[in-house]
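Participant: Listed here are the chains, written in short residue letters.
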Amino acid sequence: MIYEPSTIAVIVFLAFVGLTLGLSFYLGRQAKSSEGFFAAHGQIPWFVNGVAFAGDYLSAASFLGICGMIAFKGYDGFLYSIGYLAGWIVALFVVAEPMKRLGKFTFADALNSTFHSRGIRLVVGISTLVVSVFYLIPQMVGAGVLIQPLLGFPHWVGVLLVGATVIGIVTSAGMVSTTWVQFLKGSLLVVFSGVLTYVILQRGFIEKQGGIDGHVFQVLGPFPASSSLDQIVQGTPAFQDSQVLPSDDVWADRPYLRTKQPDGGVTFWRIDSDGETTTLRESQVLTINLNGETLVNGMLKGVQKGEPELHPVGYIHQLAGDREETGPLGMLSFFRELGTAEVTLWGEDKLVESDGSKTTVYYPIPVSGSEVLRPGRKFTGIRSDNPIDRLNFLSLMLALFCGTASLPHILIRYYTVKDEAAARKSTIVGIAAIGFFYVLTLYIGLGAMVSGSLDVTTDNMSAPLLAKSINQWLFAIISAIAFTTVLGTVSGLIIASAGAVTHDLLVSSLGFKFSGNEEVRVAKIASIIVGSIAIGLGILFKGLNVSFLVGWAFSIAASANLPSLIMLLFWKRTTSQGIISAVTVGMISSLAWVLLSGDTYQAVYGLDPADAFVPFSQPGIVTIPLGFITLVVVSLMTSGREPRQSPSDYASGGQK
Amino acid sequence: MQPRNTRIGLILFFVYLLLYGGFVFLNALSPDSMDWQPIEGINLAISYGFVLIIGAFLMALLYGLLCKTERSHDASSMEDEQ
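Quick note, the sequences are listed as chains A and B, same order. Numbering (the numbering used here) for the first sequence: 1 to 656. Numbering (the numbering used here) for the second sequence: 1001 to 1082.
None of these hints come from the bench; they were simulated from the model. Treat the hints with care, as some may be off.
Stated by the list, open to error - No more than 30 Å apart at the CA atoms, straight line, and that leaves these computed lysine-lysine pairs for DSBU-like:
#1 K542(A) / K378(A)
#2 K260(A) / K358(A)
#3 K350(A) / K260(A)
#4 K1068(B) / K358(A)
#5 K425(A) / K350(A)
#6 K1068(B) / K425(A)
#7 K1068(B) / K100(A)
With the rest of the complex left out, here is chain B (with noise of 0.2 Å):
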């Protein structure tokens, strides 16, 4: 069984890497639709920029409420992900 913590931050990870490759790919790929204001006067690059940081840090305080400190764990427990 892989370690509760590290599936943890395995899943958050993707998330993270899903509205982060969402946002690098819409600029290299569709620069234009980063002029749209979804709030007034705020186009998408900033608000999405912001969203992305303070995303990241919602998201590491998710992981620390999530997570559990594991007092003794066995060690050879690493697995590898094949």
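If we strip away everything but chain A, and leave its shape as in the complex, we get (with noise of 0.2 Å):
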């Protein structure tokens, strides 16, 4: 699709990150110069360090990837909401009241303050570092999503500017993301997520056979089976003045027939025959050919609007009843209406032609209501006879019901009110807002599902372009809401990396000395790599979901920190050595594991995803009882070597 950039969009977009941006420095600055930064939590009150809690949590990538995947896949993707809330369960259930016993705020303070190792703050480090690079991906990618519609930029571009702009902000100032800018963000994002619903129930569902742009996507048909393709075109109108491409070179065998029309465009259709009938659907295709040219549907593809280019998708082709349109709808109608409607989601076929041009198929595919409803579209395997399928799924959720807990910095928001009392409130809120969002997610993406703006080539504009098709000035303000929450994330992220390499591995680990001033110059370089391997991995990652990769950041963090944090908290027995294997064998497996996956070999290196080594892409599953059972092992080998201080030596100090 083409993006033209619109002037209030950016005016507007502009105003509120400078806005945002603005008051976090000034919040910062204050915060610096009072008692410090942590004192003046003490005072914030328990609602809005509730909020906040979903302003932290929320990032961009749960709003974009979450809403995308919906729109595309359906159900499947609000699996991922169901998993994240989840995992807040057993963060404030199982982690926090233990981990406050212990004096403690994060998983590294609490390890490295029970055994004083050296080589457990070297693991903690390397596996804080991998998970915030993880993390940072798909932040990344949302980054130069969000950038594209709105500035109209390349993806590459728009990543390679927030990436750039991150590491100004962190090298230059400093970036203290207060907890007011936190709930600024979280409620902002809640309530117009709220908005953004309201106009979809309001809107409810119409009838059509295309996109915004009007372009009427034909389905001719459906001819009997018997007839043969030349009959079909031969007896059809619609092809009188066109000339039928020989079915050659990679397109043999495949179900497509191509023709050309006068004026040098190519139609593509997509032969669906259920045995008895056979019908043509229009769809669109993408060609990259040898000298880099792109061309759409045969021709080169226009930069402007009226010339050749992708039409915007998704849509409901047929509403129950004979009606064009159901009128304003309820929570619950919305689901009752598109149940009983008939949707055309687009699926896509990538074929290397025979002179190395690549080129996509993006084919309409019509789909009951009641289908997209259901899980099974995303996660295939669980309609599959192959019981190793399954496991993919329940290796996912399991992570995600586990990677809350073992994020590095996800924690330390509950301790940030005067008491115990305040702290639980404001998780209350926290999971009320976050909550109350996610259970949005499915509306806003079911709602993109059939808006006729969806873009064919990627999933995670969706949330975005479906506010664009409402007006300029909600798409302005959510796209603004959604890059300030991913400046935070990246900044917190990069900074949190800084301090990994510079405490953990170069000071603690490796016995470097720093004076102050260096140690400052050592954050800021380690910055600078973490934001451009940040950049490049943004790039690399660009076909992907960021909720999907948002997964994979979970199952690492999950496979290698929970096992050591609930086995710390919960058995006596634990020793550093423990502890070490657990981190370093859950990483390296679950990292392993995500770069020999099919979903890696498909959408990262290009290969055949079959070859891939390992029988399921994610690996929750086998690396969390992998990092159980290797801590218990390497415990009980190593048991007695070292008195374990008893807890009342570590209770007392410490806190943050």
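Both chains come to you apart, so use the hints to assemble them.
Facilitator: Shown next as structure tokens:
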């Protein structure tokens, strides 16, 4: 699709981002000049802190990724919403209370203070770095996604822009992302998602045969299955002026008919046969030829509106009961109407022609509404006969459940209010805000699915494009909220990674000694390196759904960190060697698994996923138990070598 | 004695684990059961999903009500679960 920037949207966007960043710097400076950052937190009301929880947790990735996956695959994207929220239950009920009794706030604090082991610092430092980088990838991909429809830049420019901005912020000023700013972002995200949902429900469903640009996708047939393609072409008026291209090269044995129009364009038809009838559905094709030119349906891709481009898609092609539109809907009638309608989703088929040009066919798939409201379109494995395919799904749901409590930075906010009762109250508010938002993702995602505004080449843009199809203001505000969230999250992650490199790896583990100024300089250099890596990976992983990528970060975090955390809190015989081995094994095995998985083969290396080394893509179900087993075995083998301090020795100190 | 809040937390955790585990295994082993409509026009996939999200909130609320703020605690009372 061709994205033309709109002046109103750009101005609103820049004003909004500027205001948020300005406020962040202002409050950050205030926090520094007062009694310090954390002292100020003692004054934060629990309600504000609770909404800030939501601001922290709901990165743009979950907004863009989940809505995008629901828009393209239906219900399966909502499984991420459910899993992310369930993760909070582990964090709140299992980990938070015992951690508080240890007097520790983060995983790394708790482990370090118990054993004072250099080895633990090293592996925890590395695992923090790996998890942060994997968490950075989806944020960077998301940044590129936001910039593209808004400012009209290609994806990689967006990633570079965000990366450079954040590196600039981190290295020049050091960004203090305060609770108030997170509160602002969190409440705006929830409120405007509510507005978006309200508009979707008010608009109801409208029957269409194409996207918002007015292009109608033709459907020819059904023809009796007994008639050959030649007969169909000769007997159909639509083909009168067009010339049928031969089905040779990669097109042989594929379900496509190609007809050349008098203007030189080619129409691609997907041939759908159900045994009794044959239907031809107009598809869209993107080709990148050897000269690096991009062709859309056989014509050079345009640069302005009206020139050849891929059409926006996503529509209900048939409503139940001979109606053209439903009118305003309620929270439940939304699902009832969708369940009885017929939706057009789009699939893709990648081909490499013999001259080396790469062709992607995007073809319509008519699907009954009830099918998009049940699981199985993304996680096709759950309907497969092969039990291993089901493991992939179980593995993901386990990783999401265990991941939240294992993310190095996530529990901190639990302790930023004045007492424990306030901490619990703010967590409840946080869960309420996050849960409310996740319920809305289903409406926003499904609303985008039938909005006629989707870009067939990427699902990540679905939510912003939905807003754009409603009005420019809403689009600008939603993009700005998502963008500032990306900036905040990326800055935080880069600072955390730089801290891990400087403190945990260089100073504590490798014994470097830096003066205060030198340490700041080293941290800045580390920020630039980590930031550059994130930019590179953000461009490389462009085609992947951002929530899917966050799922990987969760898998690695849960495999590396959760076994040690749980066992340290609940098993007295845990030893430092046990923890070092469990973190190392969990991290390396989950990382290797992800890199050798079918999904990475397909999306990153461009190889056949069937050649992948591991039988399914999500590592959690193997690598999380592996971490536990490693910890128990190594702890039993090394028990008695070192006396573990009793908890009372460290319960009083080390608060941040 | 294990501190009261930790015990309440673990009990609530296992209740939620059953609820979540039930959902995940039902999806993995019997995906067709998700088509069943407990409420007219709303299938099990959506209603169970909403129950899990709203349930997480209600249980967090319950946890907040049941927990007592321990003004002072014996830090050495951390117990293992063998």
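Participant: Could you run down the list of hints and mark each one as holding or not?
Facilitator: Right, here's what the structure says about each hint:
| no. | hint | verdict |
| --- | --- | --- |
| 1 | K542(A) / K378(A) | 18 Å, holds |
| 2 | K260(A) / K358(A) | 19 Å, holds |
| 3 | K350(A) / K260(A) | 21 Å, holds |
| 4 | K1068(B) / K358(A) | 64 Å, violated |
| 5 | K425(A) / K350(A) | 51 Å, violated |
| 6 | K1068(B) / K425(A) | 12 Å, holds |
| 7 | K1068(B) / K100(A) | 14 Å, holds |
Going down the numbered hints, you'll see the structure goes against 4 and 5, while the others check out.
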